[in-house]
Amino acid sequence: MPTYELALIVRAALERPQLANCLKRTCTYILDRGGVVRQMENLGNKNLPYIISSHGHRHTEGNYFTVDFDLSPNQMSTLRKVLLQDSDVVRPGIVHKEEKFVRPCVKNPENECDFGELKNPDFEKRAWKKQILRRVQYKMKASRNK
Amino acid sequence: MASACVRTCNSLKSLNIVYPLSLRVCNSSVISVRWRKPRWIPKTQSKLFYVRKPTPRDEEENKMLMQKYANYRTQMKAIRSYFTKFVQEEKQARKEYDKSVGIEQELAEVRLSIEVNAQWNQESANIREARELAEAQKSAKIKAIKDQKQKEKDEEQIAELQSRIDNNIKFSEKFITQENMDEEIEKVLDSRKDFNFPINRKGQRLTRGKTKLKEDISSEPDA
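Chains as they are written, first to last, in this note's numbering: chain W, 1 to 146; chain Z, 1001 to 1223.
Covered stretches of chain W, going by a simulated chain Z footprint (3 or more residues, C-beta under 8 Å): (1) 15-24; (2) 27-33; (3) 36-43.
Calculated from the model, a selection of chain W residues having no Cβ within reach of chain Z, i.e. all distances over 10 Å: (4) Ser54; (5) His55; (6) Ser72; (7) Lys97; (8) Lys125; (9) Arg144; (10) Asn145.
Don't read these hints as lab results, they were simulated from the structure.
Think of the CB as a built atom: it goes at the ideal place given N, C-alpha and C, for glycine as much as any other residue.
Start from the sequences, fold in the hints, and give me the full structure.
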C-alpha cells in the first residue's frame, strides 16, 4: 500500500468535540478499509487564500489538518467522494507521499537548482526571443516615425 | 452513329466489304455497342426484316488461298509424322540400352554421387558445429555476467526493502489504531505545527531574527 498525505480543511465554526468527531470519522473510514493511519498534524486555524464555498456556505477561514495514511489505491476514489460529501470538510486534498524526499538536482547532478527546484529548460530560448522581439519592435517603431 | 462507323471502316470499304451498321469494326476486332438501348426494346421497324448480304469473295483469290492452305497442311503433317517417328525410335533405343548394361552403370554413378554428397555434408557440419560451440560459449559468458549483475541488484533491492520493512515495524508503535484514536486526536488538537519559516540553500532552517542555524528540516520539522 502506498503512503498518501491528506490535507484536510475543516470548517472554522466547529468546536473542539465536533472537530475531534470529524477527524475520528475519517480515521475510522481509513482503518475500516484495511488502511493504516501513520500520523496526524494540526496546522491550526488560518485564513483561506481565497473564499471557498462548500455545502451552501462561504468560508473565509478554516482549520488545517494533515493525515498521513496508507491505503489501497482502489479505495482512493471512494475516500475522496466520502470526504467531499462530509459537510464539515471545506476541502480535502490527497497527494501521494514519497518515502524520502530527494531533490531533483540530486537525482540528476547536471541540473543545478536552488531549494530543490528545477530551472525552466526554455529559459534561455525565451530570453533570447524576448530580446529579438524587443529589437524588432523598436525598429518598426523607428520606421513608423520616419 | 452510323457515320462514325463508316468513318472508322473507310479503309475496309475500299476492299468492297460491307459490315452491319450496329457493329463497330476496329482492327478486325468486333465490339458490340452496348448501353445504347435497353434490352427489352425490340428491333427497329426498318431493320425488322433486314438480311445481311453474304461477304463477296473473289473466286480466283479464293482458289489460290485454298491451294496454299492445302500445301501448308501437307507440310505440317509431314513434319509432325517425322517427329513422332524420331521420338519412338529414341524410346526404343533407350529400352534396349537399359536392358543390356544401362541400369547397373547408372546405379553405380548414383552411389558415387551419394558418397560425394555425404562427404560435403560432413565437411559443412564440422564447420557449423565448431561455430555453434564458439557461439554457445560466448553467450554463456555473457549470461553469467548478466546473472551476476542481476543477483547483486536483487540483493540490493531486497536489503532496501528489508530496511523499509524494519523502519515501518519500528514506526508501527506510533500508528493510530481504534484503541488509541481518541487520545491521539486530543493530542493533535492540543499540539500546533508551523512550516512557515525560511531556509537557506542547503535546506537548513533559519530561526526568526537570528543568523544562527538550526538542524535540518528533514530531521526536525517542529516549530
